[in-house]
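Can you build the whole structure from these sequences, using the hints too?
There are 4 protein chains.
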Amino acid sequence: MSSKKPLRVGLVGTGFMGRTHSNGYSQVSHFFPELAYTPVMQAVCSRNAEKVQAFADQWGYKSIETDWRALIARDDIDAVDICTPNDAHAEIAIAAAEAGKMVLCEKPLARTVAEAQKMVDAIEKAGVANTVWYNYRRLPAVSLAKQIVDSGKLGRIFHYRANFLQDWTISADLPQGGAGLWRMDAEAAGSGVTGDLLAHCIDTAMWINGAISDVSAVTETFVKERLHQVTGKVQPVGIDDACIFHCHFANGSLGLFESTRYARGHKALYTFEINGANASIRWDLHDLNRLEYFDHSDEGIVRGWRSIHVTDGDQPYMNKWWVPGLGIGYEHSFIHQVADFLQSLETGGPCHPTFRDALETQKVCEAVLDSASSRSWKDTGVTSFAV
Amino acid sequence: MSSKKPLRVGLVGTGFMGRTHSNGYSQVSHFFPELAYTPVMQAVCSRNAEKVQAFADQWGYKSIETDWRALIARDDIDAVDICTPNDAHAEIAIAAAEAGKMVLCEKPLARTVAEAQKMVDAIEKAGVANTVWYNYRRLPAVSLAKQIVDSGKLGRIFHYRANFLQDWTISADLPQGGAGLWRMDAEAAGSGVTGDLLAHCIDTAMWINGAISDVSAVTETFVKERLHQVTGKVQPVGIDDACIFHCHFANGSLGLFESTRYARGHKALYTFEINGANASIRWDLHDLNRLEYFDHSDEGIVRGWRSIHVTDGDQPYMNKWWVPGLGIGYEHSFIHQVADFLQSLETGGPCHPTFRDALETQKVCEAVLDSASSRSWKDTGVTSFAV
Amino acid sequence: MSSKKPLRVGLVGTGFMGRTHSNGYSQVSHFFPELAYTPVMQAVCSRNAEKVQAFADQWGYKSIETDWRALIARDDIDAVDICTPNDAHAEIAIAAAEAGKMVLCEKPLARTVAEAQKMVDAIEKAGVANTVWYNYRRLPAVSLAKQIVDSGKLGRIFHYRANFLQDWTISADLPQGGAGLWRMDAEAAGSGVTGDLLAHCIDTAMWINGAISDVSAVTETFVKERLHQVTGKVQPVGIDDACIFHCHFANGSLGLFESTRYARGHKALYTFEINGANASIRWDLHDLNRLEYFDHSDEGIVRGWRSIHVTDGDQPYMNKWWVPGLGIGYEHSFIHQVADFLQSLETGGPCHPTFRDALETQKVCEAVLDSASSRSWKDTGVTSFAV
Amino acid sequence: MSSKKPLRVGLVGTGFMGRTHSNGYSQVSHFFPELAYTPVMQAVCSRNAEKVQAFADQWGYKSIETDWRALIARDDIDAVDICTPNDAHAEIAIAAAEAGKMVLCEKPLARTVAEAQKMVDAIEKAGVANTVWYNYRRLPAVSLAKQIVDSGKLGRIFHYRANFLQDWTISADLPQGGAGLWRMDAEAAGSGVTGDLLAHCIDTAMWINGAISDVSAVTETFVKERLHQVTGKVQPVGIDDACIFHCHFANGSLGLFESTRYARGHKALYTFEINGANASIRWDLHDLNRLEYFDHSDEGIVRGWRSIHVTDGDQPYMNKWWVPGLGIGYEHSFIHQVADFLQSLETGGPCHPTFRDALETQKVCEAVLDSASSRSWKDTGVTSFAV
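Protein chains in written order, with UniProt numbering: chain A, 1 to 387; chain B, 1 to 387; chain C, 1 to 387; chain D, 1 to 387.
Incorrect hints may have been included.
Because identical chains share one entry, a pair is satisfied inside a single copy or across any pair of copies.
[Said to hold, decoys possible] Calculated pairs, DMTMM-like style, for lysine to aspartate or glutamate (alpha carbon to alpha carbon, straight line, at most 25 Å):
no. : residue 1 : residue 2
1   : 146       : 298
2   : 363       : 87
3   : 146       : 67
4   : 118       : 379
5   : 51        : 287
6   : 320       : 57
7   : 153       : 57
8   : 4         : 50
9   : 153       : 220
10  : 224       : 298
Please keep in mind that the hints were generated in silico from the structure rather than gathered at the bench.
Dropping the structure here:
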């Protein structure tokens, strides 16, 4: 391993995403030994010294910080990885870029397009490597979907639909805001399901099917007031509990998106389907190693949806893992993104989705929220999307 | 069988629906022997004498007519069943009602709300028994869904979503209009997928979840011109090839509906799902004997979506058929509707959906089309729905 | 319809199978109008005059008999259809054949090979048309499986496995014998699951994959004593509650069969799977309109089991029914068998499975029971099977 | 991490299993931070110095050996982990035990009962901690199945069935023996699918449902001769390509097991199902995060198989991973076994399956092969199984 070039990472945030990213850094060199770079888990940063030390011990970070500005100031950090709540993304990313650090940022990039635009400006001015963790792209079945669409098998696209259904906030007794629940707080999160869940769906959709041009949306907040953990008061809920929109893609196809945290029975049901003139594809996060594929060119009497168990060595990323039939998990999408980021350092190309790509997704999210509040169609301003 | 009261039926139309209805009349007394009434297949009417005679021979109709006015004029006809293209529904139904006949009409009731309103007025003025063939309600799994929701198991409803996806019109070489293809002709059909497919979804949705208050829709016509079979010319296509809308139900839940004939791989994928605070239900026409049900009150470690094979004697209609595990088919929904219509004659109550119920569905369809053309939300004017 | 030749049927037995056959006779001419023959429901026979009259009224039989010998003696009966408990099959079938009647007999053909052999001798001596109601062959998906295997798509066959799992006799309080429960009585039924359920699996298997040469079996009777409905006493249970066997087919492939009435959760789960060098097929009665098919010659990255919704017009029998996507039910297998029997009268060929075919199945069943009781392999004596 | 006690591991073998175990050692402390012990990847051993160094670099082993005897002789090794082909298990394990090392051994424990018995004798004489890598037990869904059965929810057990179907050896061009293909060589492997695949099924089955008492089996070798990679000659194939057996469990239930490498379309389809009087469970490795469960005590009209997505924090092992709905993979079963082994060091109890447990599984495997070759039932000699 001494022959590899180190990428010294400083992680900000030790929550759920802090764990998935740390796992990515830990695992990547075990499964992608050919890469020239290897991550070095140099430092992790969070406000509570005791907790961050425990996290560092658990994951093997060499040092800790309790102030992200101190982390950015260190010379022994090459890349800053941002896993904080959304309201801290912009400030940290901009400061890191200005300090010449590479920046990896959790999604959504920001709370608003305005914030996101500033981040892109700073990153591009600094010219630093960057990526945003829209991790689902890199599940093998999703990458395979992209590969199939790009191959032209589907022909002209007519429909794209996706949903992301959860049920964890149905209880009116669930508080909002504070530790573990910042996603319920509009100030910290920027929005509810739109930024948290639909942003994933939009990233995948535009990656696979191109730009979304205009949107017509509806949002709903089913539980109007909740106890806020920080203020200790029952306060109005500012986030969208559910969001539905239909849209046009630039290629003329129709899109349909839905997300909610009130779909009893669905833990994290992210599904998408794309229908072309010749073939269709669908996928479901609950069975993440499978891709369903229908090909109209199959002989008629034996034509049907194929359930592809995406675990063969010729399918995306799967030559890195086990043998056919043996599935991998959710966390592997992050390992793959680390691998692709390291690869991009070798080649000098971008690691999509970049900050700029994520800005486009942010534009769609904002158009969706604007459409819902104004009860009218909104143009997104997005005209193309990097693939 | 001599002890049963006859219901002498005159059928208008010998196409796909003419067959399903004829099967209903043929079969009902074999499986519902307790009914006081039995259908007598008195006459069938269609323009082509040779074809209608063959149809009569095949199905056992006692006589034929080639003019529906002659059929209505006959004294030996108690009920007129309308299976024509949509553009003939109103005229026949109104004439039949005025002649004092019971009227059974294929869905959608009419091409427009204005037509439908006239039909309801005529029917109600005549005071004749009536029903509209929104047959899917009476598939056992769908009826069971209704029964479960009515039992209160779901609690407060948050979401209802349905789609009806087909793929039979993707080829640009498919002509429009004329024999077998009147559904492609806006003049004959009134609309495309909205009246043909979404109308089914809307009927089921309002039956299960109550009135739809307002809608926001988008439609698309993917193939702009097609050869018209009757005129022999390539003409603009007037129908909607695809239609998506979201909506509010009167009970505060969000609705999401989609239909298309351009979803490659789906022959007739009518699915719906309803999410309540405590439980959820979903169904799929392609596996019509199954209902999926999730109950949050199940013990946590063994909680999951239940795949209910709706073939037991204590499930709707299934005590009439075979033994547990042995499924029935699509056509049985029509047999059930005949049975329920005969039952309603016995009890004197309505056989839902009545013409009035179907008018409400028509209002939603029209609001959907208006919303799509105006790119704005539309109120439906529907405030309640018979259950 | 006057131009059709009548086949005057006399039905013996008014139970579950009496209903499925009657439905077959009622429906066949509605959906197979091209056939030269049409069934005439001439008479139905059962011991209880009141009940058989009600059955005749319900199904449209023209007359009744309470003694099957009287039925056979009638000149106006062309074909005798036997739906009695198994212990009466031989006597009725032989008498009918000797009277020159065509004979249609429910499966299993008999309780023993000896009985079955006498029936075959009588039938062949009389030279009358005959068939045995192994109905599952004629579900479209099963017929399609046969068609695919015959086309050679699978290549060399390695494995065939089938099971038929039920759960309706688990309660020790269920009585044995008598009305509705003769299948629990070894004297009336001949055996338990072997003749009732495995016989179906064996018929399908040999039809698709050829003769079964030898077998090694185990049986179990989980509930050793039950109240007998007729004697009123708690008596030893004589039937096999469960039966498992493995076997060799004449083509060198391995077979595996299992049946039980103690598989909680399975109402009538008849499944089979066949694995060839190039392709595989599987099917499940609970989703009877689907066939799963795997073709190794599909391109690797998009290879997977196809879920074929067998409802297209180019799939077996389905040009007779509705439109793609709309499923049919269990009962349709009997309609198809009536159609094929009528067709065989036109062509003069046999309607498989004939009595002789069913004798071969009986040999396998008997070898299975012998193997279980002797705890040793048994040759079946079957060397070929009509396809 | 300094506060944890080290377990210094020496790994023998760098193939597929060498990777899965190394991953287990790498990952366990990231996800089970509460454990007192932590693995130290002290040394890895394989014959080829260059390859083993590359493996050590990739996985972070501190040193290498090319002779397993040298590894065992080292003082800085606490535990020897054996991932060699089966023919080396016994010699290494016995030597390691005699050297006072803890021993972790890949399954099957040995090629024969005689070998396995010697291993157990040595291990128990040495009194060293030990475990055998029947990893599938520790997939959360499988552990949940065990928990449910142990809770008594199923009631009296009637049936247990399992199969393990693959298709990777169908081509007659695949060589036998040598690198990557020792599983095809009877001398190296001991047997074919029986030891490789059925051993897994038997371990799970006896863990969940208790001892298997007697067996009746059939085996088949479909491709009789293959090129041997080592000898360079076309030689007879000595392994079983397929194996089927039925059996009695000590609790009176019937068992049915099948394994093959000739089931086209199945990559690694390990499934099992257990039927009790009150409830049933089934599982499928291809969808490893799901468990299906049927509970007859559910209300009749909404009763059905539940599809449990085993990703909640109250389900086995899942409080260590992500959030509900996000699945894990195959490899995690090994991480869990490492965790449980480390836990057993803390508590002083055994880590099942121990060598002794694996000996019982070996007895069943051997009885199966004996039964097949003698075409007769064989007692296994197993009377109980540790749970």
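Going down the list of hints, with the structure as the test:
For a Cα distance limit of 25 Å, the shortest separation of residue 146 from residue 298 qualifies both inside one copy, at 21 Å, and across copies, at 19 Å. When the C-alpha separation of residue 363 and residue 87 is checked against a cutoff of 25 Å, the pair qualifies only within one copy, where the shortest distance is 17 Å, while the shortest distance between copies is 45 Å. Proximity of residue 146 and residue 67 under a CA criterion of 25 Å is satisfied in neither setting, with 40 Å inside one chain copy and 47 Å between copies. Taking identical chains as interchangeable, the C-alpha atoms of residue 118 and residue 379 lie at most 25 Å apart only when both belong to the same chain, with a minimum of 21 Å there against 41 Å between chains.
Taking the shortest alpha-carbon separations for residue 51 and residue 287, neither the intra-copy value of 34 Å nor the inter-copy value of 36 Å comes in at or below 25 Å. For the identical chains of this complex, residue 320 and residue 57 are inter-copy neighbours only, at 16 Å across copies versus 28 Å inside a copy, given an alpha-carbon limit of 25 Å. For the identical chains of this complex, residue 153 and residue 57 are neighbours neither inside a copy (49 Å) nor across copies (42 Å), given an alpha-carbon limit of 25 Å. For the identical chains of this complex, residue 4 and residue 50 are inter-copy neighbours only, at 18 Å across copies versus 32 Å inside a copy, given an alpha-carbon limit of 25 Å.
In this assembly of identical chains, residue 153 and residue 220 lie within 25 Å of each other by CA distance solely across copies; the values are 23 Å between and 38 Å within a copy. Proximity of residue 224 and residue 298 under a CA criterion of 25 Å is satisfied in neither setting, with 51 Å inside one chain copy and 27 Å between copies.
In summary, the structure is inconsistent with hints 3, 5, 7, 10 from the numbered list given earlier, while agreeing with the others.
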